[in-house]
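A.B. asks: Each chain, letter by letter, is given below.
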Amino acid sequence: MSSKVYWRPIGFSCLRIEEWNEEFTLYQPDSGKTHFLNQMGMQIILDLAQSPASTDDICQSLAAQFELCLNQQFSQQIISILNRFNELGLIEKVEKESSM
Amino acid sequence: MTVGQITLERFIVLLSNQGIRVRVGPFNVQINVTSTVFANQLYLLYKDYELVENDIAEFHVRVVSARSIKRPFTSHVRFLLDGQSPFPILPEEQALAALEWGINLSIAVRVNHLLLFHSAVVERNGQVIVAPALPGSGKTTLCVALVHRGYRLFSDEFGLLDPQRGEFLPIPRLMPLKNESIGVIENYLPEAQLGQKIPNTQKGTIAHVCPPKESIVRSRESAKARWIVFPKWVADTPLRLEQLPDSEAFLLLANNSFNYEVMGESGFQAVTHLIKTCDCYQLVYSDFDDLINAMNDLTN
Numbered sequence: 001m002s003s004k005v006y007w008r009p010i011g012f013s014c015l016r017i018e019e020w021n022e023e024f025t026l027y028q029p030d031s032g033k034t035h036f037l038n039q040m041g042m043q044i045i046l047d048l049a050q051s052p053a054s055t056d057d058i059c060q061s062l063a064a065q066f067e068l069c070l071n072q073q074f075s076q077q078i079i080s081i082l083n084r085f086n087e088l089g090l091i092e093k094v095e096k097e098s099s100m
Numbered sequence: 101m102t103v104g105q106i107t108l109e110r111f112i113v114l115l116s117n118q119g120i121r122v123r124v125g126p127f128n129v130q131i132n133v134t135s136t137v138f139a140n141q142l143y144l145l146y147k148d149y150e151l152v153e154n155d156i157a158e159f160h161v162r163v164v165s166a167r168s169i170k171r172p173f174t175s176h177v178r179f180l181l182d183g184q185s186p187f188p189i190l191p192e193e194q195a196l197a198a199l200e201w202g203i204n205l206s207i208a209v210r211v212n213h214l215l216l217f218h219s220a221v222v223e224r225n226g227q228v229i230v231a232p233a234l235p236g237s238g239k240t241t242l243c244v245a246l247v248h249r250g251y252r253l254f255s256d257e258f259g260l261l262d263p264q265r266g267e268f269l270p271i272p273r274l275m276p277l278k279n280e281s282i283g284v285i286e287n288y289l290p291e292a293q294l295g296q297k298i299p300n301t302q303k304g305t306i307a308h309v310c311p312p313k314e315s316i317v318r319s320r321e322s323a324k325a326r327w328i329v330f331p332k333w334v335a336d337t338p339l340r341l342e343q344l345p346d347s348e349a350f351l352l353l354a355n356n357s358f359n360y361e362v363m364g365e366s367g368f369q370a371v372t373h374l375i376k377t378c379d380c381y382q383l384v385y386s387d388f389d390d391l392i393n394a395m396n397d398l399t400n
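Quick mapping for you: the protein sequence lines, in order, are chains A and B.
This note's numbering applies: residue 1 is where the first sequence begins, and numbers increase by one.
This note's numbering applies: residue 101 is where the second sequence begins, and numbers increase by one.
Okay, chain A solo, but in the shape it has when bound (with noise of 0.2 Å):
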């Protein structure tokens, strides 16, 4: 057994989310703060919304639905945005066990 660590959202149907022409609002009421979200973050958050999942998983995920190359760059931007998802309490990880 080893353990894996995943991402998840914090408190996603207390969100308040309004789509701009492909560029999203999202209030949170547990800080009071709105986000503003291109489509790729917005992505993450609705992607965690439907399940959990690893940093591999997420960068492999989008790179297929943008049709993006996924390279060491790409994983490092969505590193970012996954670390500052995770200051702004959008997100948390947790760590799941998994069989070898």
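Derived by calculation from the structure, the hints in this document are not laboratory data.
Each hint should be verified, as a subset may be incorrect.
The calculated DSS-like cross-link candidates involving lysine-lysine, where the alpha carbons are at most 27 Å apart (straight line), are [as the list claims (entries may be wrong)]: (1) B:278 - B:303; (2) B:278 - B:147; (3) B:324 - B:297; (4) B:332 - B:147; (5) B:278 - A:33; (6) B:324 - A:33.
Starting from the known structure of chain A, fit chain B onto it as the hints suggest.
C.D. replies: Same frame as chain A, now just chain B:
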């Protein structure tokens, strides 16, 4: 009864004793002034405001004589809101400016049941133009020009949005022109009623413009917004009125509010509703005739 319907002598007696209580848009303001050096000015500029007798006042403000340790032989005044002094004393000749700034400050810090935008707001044909802008962008000058060409003044400073009804509330107050804009308006609108020039204030020279009487009389008539225009005066620039993306307008408008975060979700919902129901533009102008033509075309 309006201020102008009592005599100047009675006005001064009231002002310096129990104070006068006037209705300013949705608020009643109790004004008590011990330094009556500017009472004549106040009487002229406030002549169309309704005196309130029985309703309670939301704001109790005073302008009282004060002594400066640094300048003991010069008369000064202190503005007080409910007995508290929110900014330093000012020379007595700036008493009117102190009163007007003080009332604005009182509204900005005390009102949290309405969403407050730092914005000029005018109405034409029953619909409101909201013109949010940073200080120095020419909101007051724009407002003075428009309200002397048939637009109803809601405010040159505050957009008061009732989030429950989705309507803007008028709060027609004196409009303080600053520095070069005083001469510009004197030339363009000789009919505008300006108070005395107050030099050497922290914002330079100031002269207050009286709102048109109709705007004060109709200050109970709220209205929905139809246009959001972010204005900027730039010298010698041809007028440009360009549509703004909704997301950018949302960001600009929310950042422009005094109390967006304090309002919580109702602030978010109110700004969302505004952006969805209004056309949003960026306006650059230098010429008043061009400005008025463009605004007339927009609101026709």
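A.B. asks: If a hint holds in the structure, say so; if it does not, say that too.
C.D. replies: Results for each hint:
no. : hint          : in the structure
1   : B:278 - B:303 : 7 Å, holds
2   : B:278 - B:147 : 22 Å, holds
3   : B:324 - B:297 : 35 Å, violated
4   : B:332 - B:147 : 32 Å, violated
5   : B:278 - A:33  : 35 Å, violated
6   : B:324 - A:33  : 26 Å, holds
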